[in-house]
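Trainee: Kindly produce the complete structure, drawing on both the sequences and the hints.
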Amino acid sequence: MTAIVDVRGIKKIYGHGNTEVRALDGVDFQVQPGEFVAVMGPSGSGKSTCMNIVGCLDPPSAGRYHFCGLDIARFNRDELAMLRRHYLAFVFQSFNLIPRTTALENVALPLVYQGVKPAERNARALRALASVGIAERADHTPSELSGGQQQRVAIARALVTEPTLLLADEPTGNLDTATTEEVLHLLKQLNHERDLTILLVTHEPEVALHTQRVLWFVDGKLVNDGTPDEVLS
Amino acid sequence: MRTVDIFSMAFVAIARNKVRSFLTALGIIIGVGSVIAMVHLGQAATQSVADNISQMGSNLLVVSTGRGGRGPGGVRIVSKPFTHEDVEAIRNDVRGVLVAPTVTTNQNLVHGNVNHNGSVLGTTNEYFPTRNWDLAGGRLFTDEEMYTAARVCVLGSTVTRTLFGGSEPIGQTIRVGRSSCEVVGILAPKGASFGQDLDDVVAMPITSVQSRIVGHRDIRTIFISAIEDGTTSRVHDEIDELLRHRRGSSMEDDFFVRDMQEVADTLEGTTRTLTMLLGAIAAISLLVGGIGIMNIMLVSVTERTREIGVRIAIGARVRDVLWQFLVEAVAISCLGGILGVGLGIVGTYVATDKMELPFLLSTEVMLIGFAFSVAIGVIFGYVPARKAANLNPIEALRHE
Chain A
1 MTAIVDVRGI KKIYGHGNTE VRALDGVDFQ VQPGEFVAVM GPSGSGKSTC MNIVGCLDPP
61 SAGRYHFCGL DIARFNRDEL AMLRRHYLAF VFQSFNLIPR TTALENVALP LVYQGVKPAE
121 RNARALRALA SVGIAERADH TPSELSGGQQ QRVAIARALV TEPTLLLADE PTGNLDTATT
181 EEVLHLLKQL NHERDLTILL VTHEPEVALH TQRVLWFVDG KLVNDGTPDE VLS
Chain B
234 MRTVDIFSMA FVAIARNKVR SFLTALGIII GVGSVIAMVH LGQAATQSVA DNISQMGSNL
294 LVVSTGRGGR GPGGVRIVSK PFTHEDVEAI RNDVRGVLVA PTVTTNQNLV HGNVNHNGSV
354 LGTTNEYFPT RNWDLAGGRL FTDEEMYTAA RVCVLGSTVT RTLFGGSEPI GQTIRVGRSS
414 CEVVGILAPK GASFGQDLDD VVAMPITSVQ SRIVGHRDIR TIFISAIEDG TTSRVHDEID
474 ELLRHRRGSS MEDDFFVRDM QEVADTLEGT TRTLTMLLGA IAAISLLVGG IGIMNIMLVS
534 VTERTREIGV RIAIGARVRD VLWQFLVEAV AISCLGGILG VGLGIVGTYV ATDKMELPFL
594 LSTEVMLIGF AFSVAIGVIF GYVPARKAAN LNPIEALRHE
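Protein sequences appear in the order of chains A and B.
Mapping of the first sequence onto this note's numbering: position 127 corresponds to residue 127, and the numbering continues sequentially without gaps.
Start counting at 1 in the second sequence, then tack on 233, and there's your number in this note's numbering.
In case anyone wonders, no lab produced these hints; they're calculated from the structure.
Treat the hints with care, as some may be off.
Listed below are the simulated DSBU-like cross-link pairs for lysine-lysine, each with C-alpha atoms no more than 35 Å apart in a straight line [unchecked claim]: (1) A:K117 / B:K251; (2) B:K251 / B:K620; (3) A:K11 / B:K620; (4) A:K188 / A:K221; (5) A:K117 / A:K188; (6) B:K423 / B:K620; (7) A:K188 / A:K11; (8) A:K117 / B:K620.
To give an idea of the interface, some chain B residues facing chain A are shown, with a C-beta separation under 8 Å as derived from the structure [as the list claims (entries may be wrong)]: (9) A546; (10) R550; (11) D553; (12) A604; (13) I627.
Each residue gets a CB set at the ideal place from its N, CA and C atoms; glycine is no exception.
Mentor: In structure tokens:
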């Protein structure tokens with residue numbers, strides 16, 4: 001079976017000479033289909049950089065990254081956009097919904113870029129909203145929604161394209177404990193029911209405990225890779 | 234991404250910020266409006282000049298004696314007047330013309346207790362068709378009256394109104410200078426040409442004016458009309474040649490033949506140049522409007538940096554983002570262009586009404602004005618759109 005994510009020796013280096021910063025310094029790991037993985041580590045350990053590379057938003061300075069067996073280095077900007085449009089999805093800490101735009105339109109946006117027609121777009125967006133349990137808020141704009149509701153809309157936007165890999169960068173960072181539980185429960189459910197592969201960045205051990213595997217970064221290096229119990233103990 | 238979605242995205246963005254979109258478009262509205270109003274006004278002025286000239290008679294040639302020139306020692310030379318024989322020669326030798334010699338003088342006109350200082354014109358009956366001038370009542374001069382230098386006159390409408398008010402002038406006698414004179418006809422109103430009231434005139438047989446009023450037989454101006462259209466330049470040449478020969482002028486001509494077609498061409502050329510100049514000045518405001526659009530779009534791109542980051546993250550291509558912002562800028566300037574055309578029409582109407590010029594709209598001018606607004610949108614929308622499209626998504630998503 002082809003790994004969804006297969007990174008080997010990837011580095012990300014900013015600046016030159018004395019001011020050189022090694023955000024990632026030779027990282028190898030694989031993520032298999034259906035895995036729910038937490039990426040952890042202190043601030044500045046390179047976990048966000050790693051997510052950006054895996055999300056095809058940022059090319060590595062060195063090393064190889066295969067996404068579903070495809071060598072990303074061979075892709076140009078438009079082809080990478082195509083990968084993001086069809087196979088990747090993002091959930092952000094600050095939700096990043098488009099302001100003054102209804103939940104339904106926000107969720108339908110990725111389909112706009114796929115060239116899907118409005119009727120189908122709206123039907124699929126509504127289904128995605130229903131699957132995260134927020135269909136009744138379809139006509140509300142982000143400012144009319146609570147944080148938890150906004151994050152659900154953002155998850156619906158990620159799901160609407162039926163992606164291969166979901167990248168969540170501290171998705172519960174701006175949520176209270178109760179909503180954090182709800183959102184994590186939702187992600188776990190998606191992982192179970194749809195076999196959706198999820199990579200989740202967090203610095204909270206309680207969040208990581210919901211996952212199956214933890215990648216622990218320190219100073220741009222992957223120092224620990226195992227089950228949450230193993231890594232966090 | 235479907236084209237229709239690019240457009241709907243742009244219009245949604247415009248509708249979401251109605252006031253700002255309007256203010257952004259305002260520069261274009263004023264720019265297009267002023268270009269259209271200015272060019273229309275210029276065209277109306279050109280038209281008005283052409284109308285004035287055709288009122289004078291577009292086949293008209295005016296032959297006059299030279300006034301200028303200085304001889305040896307700076308002595309002003311007054312060239313010799315035309316004679317009755319010159320007039321007869323033109324009449325006989327140049328084909329297809331009406332010839333009207335004239336003598337003009339200012340005289341005191343009196344009827345009853347009304348005094349009026351007016352222009353007295355001594356001429357022949359040919360003068361009236363030459364100037365496209367009709368009688369409103371009465372008659373012109375008879376051959377006998379011409380021959381005997383009879384004391385008869387035909388009044389212009391201003392003189393009629395001033396001297397007679399509402400009463401019937403035909404058959405009445407007025408005093409012109411020191412001689413009395415019977416009114417035999419009234420001229421139809423002719424209006425003003427280049428600000429001069431053409432109706433403030435008393436016409437008499439040229440013989441009468443020469444012998445009874447001015448006391449000499451000099452003719453300084455001859456009005457000639459080419460009967461057939463398009464023959465003015467031939468007539469012009471023939472008169473030149475004939476008079477040169479008759480007057481035996483040695484070095485340069487001591488007379489002028491002014492051809493109204495020439496005058497018309499010169500004046501129309503001048504007003505056309507002025508129109509272009511006005512349009513060009515107005516076009517500068519259009520340019521400023523374009524810079525306004527660029528400015529606001531750059532602010533808008535900065536403001537929506539995160540949104541752009543999200544769009545790129547969920548799979549928008551560089552050109553999708555470029556098109557979105559470019560179409561938005563062009564749509565704003567198009568809306569500005571449409572409103573500007575409206576403003577231009579209103580402006581033209583108000584200005585032509587105030588300046589008593591003809592209100593004429595040119596589709597061509599309006600289309601060009603609108604096309605300019607589209608072009609401005611493309612040119613000034615490109616820089617902000619490219620800035621948006623080339624944003625680094627990671628930095629954009631981190632933007633506060």
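Trainee: Can you list which hints this structure breaks, lowest number first?
Mentor: 6 and 12
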